[in-house]
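Trainee: Spelled out from the first residue to the last, the chains are:
Number of protein chains: 2
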Amino acid sequence: MKWEQLWLNYNKTTNYIDKEYFANIYQMTQGDIVNNAVKELKMAAMEMFGISITVEKSIGEKQGIILQLNNDDSLGEDGYQIEFEGSKLVLSAPTQKGILYGVFHIIRQAKQGEPLRNIHKKNIPNNKYRMINHWDDFGGNIERGYSGKSFFFGNREIMVNERTKDYARLMASIGINQISINNVNVREGASWLVTKKYLPKVKEIADIFEGYGIKLFLSINYASPIDVGGLDTADPLDDKVINWWQEAAKEIYEYIPNFGGFLVKADSEGRPGPFSYNRDHAQGANMLAKALEPFGGVVIWRCFVYNCRQDWRDTKTDRARAAYDNFATIDGFFASNVILQVKNGPVDFQVREPVSPLFGAMKSTNQILEVQIAQEYTGQQIDLCYLVPMWKEVLDFRTHCKEKLDTVADVVAGRTFGHVKCGMAAVTNTGDDSNWSGHDLAAANLYGYGRLAWNTSLSSEEIAREWISMTYNLDKMHEDTLLEILMGSWATYENYTSPLGIGWMVNISHHYGPNVEGYEYDVWGTYHRANHLAIGVDRTSKGTGMTQQYYPSNTRLYDNIDTCPQELLLFFHRIPYNHKLQSGKTLLQHIYDTHFKGVEEVEEMIKKWETLNEVICPVVYERVKVRFDRQLENSKNWRDVINTYFYRKTLIKDEKGRHIYE
Amino acid sequence: MKWEQLWLNYNKTTNYIDKEYFANIYQMTQGDIVNNAVKELKMAAMEMFGISITVEKSIGEKQGIILQLNNDDSLGEDGYQIEFEGSKLVLSAPTQKGILYGVFHIIRQAKQGEPLRNIHKKNIPNNKYRMINHWDDFGGNIERGYSGKSFFFGNREIMVNERTKDYARLMASIGINQISINNVNVREGASWLVTKKYLPKVKEIADIFEGYGIKLFLSINYASPIDVGGLDTADPLDDKVINWWQEAAKEIYEYIPNFGGFLVKADSEGRPGPFSYNRDHAQGANMLAKALEPFGGVVIWRCFVYNCRQDWRDTKTDRARAAYDNFATIDGFFASNVILQVKNGPVDFQVREPVSPLFGAMKSTNQILEVQIAQEYTGQQIDLCYLVPMWKEVLDFRTHCKEKLDTVADVVAGRTFGHVKCGMAAVTNTGDDSNWSGHDLAAANLYGYGRLAWNTSLSSEEIAREWISMTYNLDKMHEDTLLEILMGSWATYENYTSPLGIGWMVNISHHYGPNVEGYEYDVWGTYHRANHLAIGVDRTSKGTGMTQQYYPSNTRLYDNIDTCPQELLLFFHRIPYNHKLQSGKTLLQHIYDTHFKGVEEVEEMIKKWETLNEVICPVVYERVKVRFDRQLENSKNWRDVINTYFYRKTLIKDEKGRHIYE
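Chains as they are written, first to last, in the working numbering: chain A, -9 to 652; chain B, -9 to 652.
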């Protein structure tokens, strides 16, 4: 199958003011990464401007771009500097990687038709770790994948081909520098990826990645010493186990000297972990960290740990408390090359959640913010949901862990507590569909994640506009239209799905479409406990106390029904249907209104999309149109199920007399 | 894995009054079937009485059993006669099969310690077809299987071994004479079972079956001409298709001259069928029937056809109408070697349904009654549910299609309309667990089904008692205890699950455990539409009109809320929670009461089982005990989910003040 080039699709461009810079490259440093950078420049110059670049190893007279190393440590491992000297643009960095990122910046600028002189002089990423997590299974399926099969694995074989390289280019172009290639639920033989059996082939991917400044990570099975090594235990304090992992690490680094490390889902949803041996997560993680430490590797340990066998009758246990309860207490016990990876919200990637109280709560522990580009609960790349605004809200959230520099962005960038191993990670939305992300517009989330991880102060709108102009050649009017479609899509999705932070209400297992009580009496700790008069779980200080996991001013904010942000009302409070919201509407009427509105908004989105019929290429236009039609059907079903559910519960009609099915 | 012998476990027996008959067999006819009968007698005599039987080909002086053919056509294909002449028991039949059934009868009598002279002189089965349907997939899993893997198929290979033979013995011993070995959802390559690729191996099973009087059937994929034959259509009126099936049939009969025919699930739940080509089911079935006709084969065509993509907002479509609507109108159009297989109820094997109105509605069409031994919706062989009482109710149901001989038993036995190709079929509950049926006591359903299909006038209690005494050596007191456990189990299961015929309310897909609204907004046509005040779908003449599919006196019975049998009230009516039942209780209180009672009954069952601790072998005792413990947990969860669901809906408390979770 042929695949597309997304935002690296170098269409012919006319009249670019700075195209003469692309005539000559003065490459003053050699190496795989900078060579790839030069290759990219050549391809871009040829395809955009029809220019065949001349590359020289010493600086000549003609206008052009100088690529050279510098000694400016302030730029860090990934930063770069762009200056102008006479007719030359000088791109310099302390590392070849920095030059590669600078080159992609130059191309981005050109592709958008912006003058190169508008590029800031110094460009340094906010986050040191800008990571992508694949949930690709060894058999070739992708867990929560909505864009086809894996392009890494097919039927328990590793695939390496031209697409692997294009993937590395795409990722490097948005600043991604770490990729774990296999699912955190390590199954179907993927436990063996860390062994000789597969390392030669994993190395091939790692080599391609390395040429683009990307470190390869593997998700590991905590029980590997048993399942792979044939030991009788995986106890992290057992000498045999310690030794097994040390030997495994040694072997991995023999094949892949630049190997990033392990990503670990342990003691979660049936995965093995240190709890089986009465060890805590610090003991569990540190053992692995020690094995990787001699080689510079890290352990990324997910905090997605909760009781997934809860009894619905148990109203004391609150799943939203779990990550904090499991990890905040062991702050300070983790090795310096362990990083905790924390989901953005306390539950699981719902369309609306508060920020996880773990951010800011662990002063002595490296933390990575985990978001989900894959739209598991946000429309599965059938429905449009531009997620950058959600991630922005998370990053901008003030934890109040300090007077200043207390946002989530500050914490995970290391500004708050001075951590150096931290940043962002995202579960990706790619697959082997020709457009990579199923829904063409879902590529905005992939692109946006990378750009945001690099520069968390970019606005959602800036990122969207940049993605649009990198991907499509639209005039301002049509660009604005597409921008509007993207910018409103999260709110729209929220409008027609579960209201006010209550979450879930989705079909079991596959998580698409409404099922209000699907999880209500199940074991997953996801209950709304709606009755004839009220809905919600009280998570305030008077309820499960989950609000107390936040710093005091946030606790107060959420505890008080009058100050709690409306969109989170049903996350934190149990509320009668006739409760008046700030708007003066009852809760019930608010639910009806938002659900009717959500569908209307989808209809408007579709109308807007239809105005792009002439300016978007027909294949893409149709692909998106088909998905919008499915989204419309889905939104109507959500509207009707939710409205009918609450109508049946209350027998209170819509004030505006709109039709609700009985 | 070793397997058990169930009711053919010939334990040592002392003091049997008639054991001397087992000393000598006078075998006056030869052949595979009668040889197997003699073998069975030898084994039984040796194991029960320590007697080594002498077999002679002419009648001698000593006491013994004479096996011989007779010319009494009134006995039919399967009947037999038992007479006494001096010191001889004379077992005679027009066929060897009859002799085999008679031998199993003699052994059964002996095993129960009953005098042989108590056997009726003439023994003729009520039903000509006494069929077992396996839902075994070619990959080795069993759809709705709760007893391990298939013993016919493993990883797309056919297995033939000693267990195959023991299975044939077990089935023949209870009178089964037809077995379809593969799932009606024909997948995983099972479409190829009808081809040369697999027929040699299928033949091996068929040969074993034939030695025990059993005809082998295969479930076929209606799209085989495409999927196997490489044609571009499966249209039943297309000459290429007609020809393909004729050739296929010819080939099958070359391998298996005694092949029974095809079992077909067409145009149902995504299966291909004649609807794809705008042909009706008669056209679809007759084409296959014509291909089989020259060889004496039949087509068994399932009537489980309904719209499985219903919109929950559509209140006009009523799934319960579907089988009748699809088939009653084409009565008279089916070939004489087509048999329609009709599920006992109009929906799908729920714990309580009315009888399908199709019975008695098709005067010119062969019909088989389909029941489900596998406990898909009745506890999955974790919870105990002795199903013979349910089947008895179905068989005894008066359709009023005629003045007399109008019960379902009459219809499917051929007494009503004179059909000759008819009887009963059952989806079986077997797998490769050592005890065959997962729950040891679930073997009573397998045994009971066979015995009932042979003699529909046996009572549930007679059958249960017979099974107990065939399986366990208990004194009268303990036998009574086990009988009580079995006899009450269906009512108990009904008490703690979905009330009064409403059905469903189960977890999606796997169908174990409660989920009241799991299917409520789904596509399967299974809605209860409960709101704050009432629950149920009106299927009366004023509602969907489904009651009008019955003959008038039944229509009147069900239409009237006062005459409708209470256990079916929520199948036929929409009823307010405060409606007073005959008992004087409100509907809601009835629901609360039955659900509390259901759990109490499980607790009582367990206490009864515990009194058998000393008299049931420890392995079996423990296996059953473990399942009872799981049943108790399940019943409590059902009780609490159902009660909480209705409490949340109504906020009306239990009158007796028992605890209902909020």
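I should point out that these hints are in silico values taken from the structure, not numbers from a laboratory. All values reported here derive from a predicted model rather than from experimental measurement. Accuracy of the hints is not assured; some may be wrong.
What the hints assert, rightly or not - Computed footprint of chain B on chain A; a stretch qualifies when at least three of its residues, placed anywhere within it, have a C-beta under 8 Å from a C-beta of chain B: (1) 17 to 28; (2) 498 to 507; (3) 511 to 520.
For each residue, glycine too, the CB sits at the ideal point set by N, CA and C.
Trainee: Do three or more residues of the region 17 to 28 of chain A come closer than 8 Å to chain B, measuring C-beta to C-beta?
Mentor: violated (count 0)
Trainee: Can you tell me if the region 498 to 507 of chain A counts as covered by chain B, using C-beta to C-beta distances under 8 Å and a minimum of three residues?
Mentor: holds (count 6)
Trainee: Are there at least three residues in the region 511 to 520 of chain A whose beta carbon sits under 8 Å from a beta carbon of chain B?
Mentor: holds (count 4)
When the structure is compared with the earlier hints, a violation turns up for hint 1 alone.
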